[in-house]
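Participant: For reference, the chains in residue letters:
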Amino acid sequence: MSNSIKKQTRIDVDKLSGEFYFQSLLQEAYVKGALSPKESERVQRECLKLLADCTERFTRGQSSSVRVEIAQGIMASNLFTIGLYLKSLPDVDAVLFQIENEPIEKLYEYGFQVLKRKINVAHYFFNQVCKTKLETANHAYNITIGQGFKPFFESYEINFHAHEIPSDIDYQLIHPVTDLAGVEFVIKYLENLYYENLFCSYFDADIIHEVMSGYDPSYKNLLDNICAQVFQNALGCQLLSAPLPPLDFSPADLNRLDKKLRSHNQLELQTQLKSAAQELITDLELTNPTQKKYLLASLPQITTTVYQGLATHSLDKVFVPRFNPNIKPIIHYNMGIKMDDKAYRELVTEFLSCRFFEDKLAIIKEQIKTLADMEDLLIASELESAEAAMIFALLEDIELAVLTTRHPLHPAIDAIDYSVSEVRMQQNLDAYLRALPRERLARILGMTTTIEVV
Amino acid sequence: MSFELMLFDNFLLEKQAVSEVLLCNKFTEDYSLVLSEEQALELVETRSYSLKNFGRIEFGGGIIEKVIRTFADTPYISQYRYAEFLNELVEIFYYFKNETLDLMSDDDLINYMKKYFDGVCQGSLDQLKFRELERMAKNVRLGLDPDYNDLYDSEKLMEAEDDDEQ
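Just so you know, the protein sequences line up as chains A and B, in that order.
Using our numbering, the letters of the first sequence map in sequence onto residues 1 to 454.
Using our numbering, the letters of the second sequence map in sequence onto residues 1 to 166.
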């Protein structure tokens, strides 16, 4: 830990707001006595005069009055612009010196120049973001970069609405931008997005697509961050000392990770992740110090996620295995030919009239020859869950996988699409699957992703 | 810093405004219209009240002087109700600044007020406020000519139809 020498001032810099810098500074200076009541009054009077001048420009001299909301907006814009200049000064003492010795109008002019320069900086970062843009299906990411900043660069009004952010930003960053307004917000957002893009550019777009599909097959419609998951997977690979580019985890890899991390408490886990992150940075030859700092700052959040993943045995949701949604199913399962309708009706009548369940089982064993008939019977007979479980126990894993594919349990909201008998069958199947050993269940669920019912 | 904090020397501003209003007496004396200091103060207070009431803020001298000068030569006002008349005009002015969505300049609004007051309203403030200016504000909001009046149009249409019949 480095101890930096900090100049002592009466004003606590940490208490100053980033968004309302000038206002918070005046308040703090007044409370701490760094600004006399007389000086404070002068500043207020000059702010009022500046507001009057700006309002006259706003109405082009055609109206002596404006609505209060408009005046408040102009005032906020003026104070934001002054704050921009004051923030560019080296320390709070210099800021106070400027406030005491320069008229507010002059500070506004300086701030206006800073504001114009900052718009150029925003342009620079936007170009960098466009250059490093990921090839991804994520809608929020694409629309934010493609169209989200158009309103800002086309209609950002620096005279009267400098503190506003006219943009449509949907994509969420690892570190959301807070406590900033206007052009400062846009610069910070674009800068952060640029660092995320730079990190992702070390990996192939297809790999990132598969990682995100593993995270959620419909990730293109989500507002989740891409870089966070890629960084998380990269850290997982680093912990396994596995080669980076695949960013993939087999069940065995996840078991190894589980064994390696399970014994650690949260603090030790963070240390492990930090050293993995340092190695990752070295391996990828990341040189930009701000980018490094940006990535490392997300470690506490990742530590919590990993810790929760370990506690809930869901490490595969943290270090997600890649999934290619375009891979065609490799198992084609034929449900078989259904029996004659008349014979089926007789079978069902006989089945429902059985007094003992053993008789029902005997009918199934003797007369049901295909999974198609079994599926119909399971639906038609409306069995209790215990009875259904005994019938499911007769089935092979592949047959259970087929039934799971055809009858996934839907939440109540979808139940309207299914008959009562179908919903009961789905619930019975779900209850049976939940009671299976974890390994067998994983095997069956694994089959469901590669099976195609003919 | 709260916005209200900025309005700390209201008293000084009002004092200055009163003296500006009293200066107008020199101009209106020719029309036998004069305001006392008390009436001038009341007028300035009406302005402050109207601004607050209609959610507006004003810088500089305000519109009182413009209203006094514009309406000085109206034939429908005498010294007897002069102060009351000005108070109402000031209130009407700020109300219709909002109603016209600030799309009309101060000068234009005052000129339209004067035109309707001296014209179709024939000195009735109620007709000015509730009929003519309401219609004008609606026209402005719809992007029409402020003077547009569909009533006159339909009257003209009816007259034209009558002419045709004859």
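Mixed in with the good hints, there may be bad ones.
[Stated by the list, open to error] Heads up, simulated DSS-like pairs for lysine-lysine below, C-alpha to C-alpha not over 27 angstroms straight-line: (1) A:K293 / A:K118; (2) B:K66 / A:K49; (3) B:K114 / B:K66; (4) A:K38 / B:K15; (5) B:K129 / B:K66; (6) A:K116 / A:K188; (7) A:K49 / B:K52; (8) A:K106 / A:K38; (9) B:K115 / B:K15; (10) B:K129 / B:K114; (11) A:K15 / A:K87; (12) B:K114 / A:K49.
Everything labelled a hint here was simulated from the structure, so no lab data went into it.
Participant: Hint by hint, note whether the structure agrees.
Facilitator: Tested hints:
no.	hint	result
1	A:K293 / A:K118	holds (23 angstroms)
2	B:K66 / A:K49	holds (22 angstroms)
3	B:K114 / B:K66	holds (11 angstroms)
4	A:K38 / B:K15	holds (22 angstroms)
5	B:K129 / B:K66	holds (19 angstroms)
6	A:K116 / A:K188	holds (16 angstroms)
7	A:K49 / B:K52	holds (20 angstroms)
8	A:K106 / A:K38	holds (19 angstroms)
9	B:K115 / B:K15	violated (31 angstroms)
10	B:K129 / B:K114	holds (12 angstroms)
11	A:K15 / A:K87	holds (14 angstroms)
12	B:K114 / A:K49	violated (32 angstroms)
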